[in-house]
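Required output: the full structure, derived from the provided sequences and hints.
Chains as they are written, first to last, in our numbering: chain A, 5 to 186; chain B, 4 to 315; chain C, 1207 to 1538.
Just some of the chain B residues that point at chain A, by a computed CB distance under 10 Å:
no., residue
1, 34
2, 36
3, 169
4, 170
5, 172
6, 176
7, 205
8, 208
9, 225
10, 229
11, 280
A few chain A residues that don't get close to chain B, going by computed Cβ distances all over 10 Å:
no., residue
12, 119
13, 129
14, 131
15, 133
16, 139
17, 141
18, 148
19, 150
20, 151
21, 158
22, 161
23, 162
24, 166
Facing chain B, from chain A, some residues (calculated, C-beta under 10 Å):
no., residue
25, 48
26, 79
27, 80
28, 94
Source of the hints: derived by calculation from the structure; they are not laboratory data. Built from N, CA and C at the ideal position, the CB exists for glycine as well.
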Amino acid sequence: MDIDKGIGKGRVGVSPAGAGGGDRSTAPSGRATAASPIEFRLDAASGVPTYLQLVHQVEHALRLGYLKLGDQLPKVRDVVASLAINPNTVLKAYKELETKGLTAGRPGQGTFIQATLSQVALPELTALRRSLLGWLGTADGAGLDEDGMVALFTSALRDFYERRSGSRTRGGAASGETEGVA
Amino acid sequence: MSMNVIEATGLGKRYGSTWALRECTLAIPAGHVAALVGPNGAGKTTLLNLAVGLAEPSAGGVTVLGGLPPGSPAALDGIAFVAQDTPVYKNLSAADMLHLTRNLNRRFDQRYAEARLAELGIPLNRKAGKLSGGQQAQLALTLALARRPRLLVLDEPVAMLDPVARHDFMATVLAAAAAEKGEGELGGVSVVLSSHVLTELERVADYLILLSQGRVQVAGEVDDLLASHRMLTGPAAEADKYAERPVVHVRRGEAQAHLLVRATADDPVPPGWEAHPVGLEELTLAYLREPGAAALPGPGRGRHTQPSEVTQ
Amino acid sequence: MTALTMPARPKHDAGLRPVPWRRMAWVTWRQHRAALGGVAALLGALAVYLWLTGLQIHHSYATACHPASSIACTINFTGRYATSVNVVRVFLQAVPALIGAFAGAPLLARELETGTFRFAWTQGIGRWRWTLAKLVLLAVVVAAAAGAFSVLFSWYLRPFFAAGYAIPFATDVFDLREVAFAAWTLAAFAIGALAGMLIRRVVPAIAATLTAYAGLALATALYLRQHYMTPLLTSKLNLPGSAWIVSQWYTKGGKFALPARGSQIVNALQHFCSSSRLSPAQCLSQHGYTWWARYQPGSRFWPFQWIEGGWLLALSVLLIAATVWLVRRRAA
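Quick look at the structure:
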């Protein structure tokens, strides 16, 4: 399920490979390629360095539960082939994740998740999801269409974080994280 | 691999009385995707021709793959070149081109080539001249990669391709560079490609060589270059007084000025000024606008000259 | 877009064995089979023509020409086929030039003109081996085809020699015979290859090849060939018909009197021989003139063929070597 439909600039998202076996409409040969649950995407205009985008997407996937302990990240070669980016960039991103302790590389096999970020237990996640669906039903009944729901959610999210911690923009530090702020 | 795939010392090439390339000194390390960038006529094709042995230097020298003379049998064996406009024999079919390339080289991975062409949907028995531009480029690239070279040299490979073909072509090149050798190490093909298109460069290249008017202006790892340059934004009135770090290029408006300086994130920012990181495209454009500036690796090679100013 | 098929990683090769020469056989064939086909078609069509008409000619000679100087021979043989043999031997002069121009000139010129040399000369085999292999292979094939063809042509000509209609040394026939024909074709090919490398454009290279060949062929036929061996000197009037008279003149009283051509001899003949039924030489000799001739005897035909073939071969080797040297040395 996609929850990011191009939400604003600077937002990166992951799309799951799909429950049905990992074949994407973009693969011309139609064969199941990656053994990884996730697929990276690249927002070339976001201004965020490429390797950071990959790091954030992995963390994001971990939080949302797309990636679980022991899952394999896409092979470097596959990422390079689908995004047409430099392989050193992917290596850099994977190294960063390893430094953060989130992943571990197994020689000859790939990179695997060895820690999770999810601070929300599964029953809580299910309850949250149910209440969210309820809200969505109400919004739909009020006449809001999909884009309206997304815009409302985004602005509320922004307000929430702004109220919570003030402005998060730090002047131009190269490795600054812009996650969470559109 | 710690060798240099292309190493030039004072390299120069003259056609008649015009120097297409002069005093070119660089050392491109292996294991990188190096982009050779510059405006038309800057000498990119000349440099690549010298490296693959299609031209002889008029001055200086160049070696490849760790000291081999270009055009020597070992160099020809280890380097695959795809020239501009990807020349293939137009009246030969793709299958014929495979057979031809196999006969002309010591190594040829026929299975890979056939599988790759099948994957791309390129029919084996159609004449190469009847393929689309993107397909011809992919065919030329497949032939080059099937030779299992250590260095892949591409001269403006995507200039004539539409965006989809361009993406697919570069994805193939980068995947070839990403061969697995163990975590954290690249064991694939080293790539040197020339381009006069600056967008998408940052995604693709991790080593940059900037040629301008036949001379090397910038040469270095992209990460190092980006880490060693900052864009300072501040009052235009103070722009001339800034002297803490070498200034490469100035853009000024009435009240505001931007200075591209050679500084790192640790260097102090003058009060009233803001510092931002620079993207590769912006950095490249700034250097191209300052022919006198240079950022070359190693001590004593960089030249710190006063830049000219550009009024907005 | 998936790119999962990857070339296997290169193994480290201990020694660098060069690409074997025999690989160039397929390469040369595949790239130049159109040119080779053209040569085969040209020679083949001519061969069919020569074979069919040759059968007729041989038959006609066998029935009509006993003896060879009879009137029946003249009517049924020489008179009938003279025109066609003249046309044939003029036409065949062009064949080596055509082969050389269209098989030899485009060889390098097309690669340079279309830019495919940037592919060919960066392959593992290297540019000079590539060039040498192609040139030698094609040269041998083309020369052998020409040689085989000329054997058929010699068979076709035999009745004409026997009937005295033509002699082996005749200018427009000598270079069409076995050794010379193969050698001229080889030389034309070598000229074409060098022209292609120098000029770098196909059409101008073809034009230059045709021109250079024509010049060389004319120079040989008119000036060079007669001097391969020093001509013999004679004043005997009964030279065999197979002799090739290179030059002739008349002396009187030990001094030069008349050249064999021109207004002087015409006047002399009119003066002395207008009512004579003898040949000019016989008639004038009755009037005190001595006829002199430098000639090559017919027995020198084969030595001359080998001499001509020899220097043309040397020239071709030189031109091919020069072409390879240029390829090796010259840059893009």
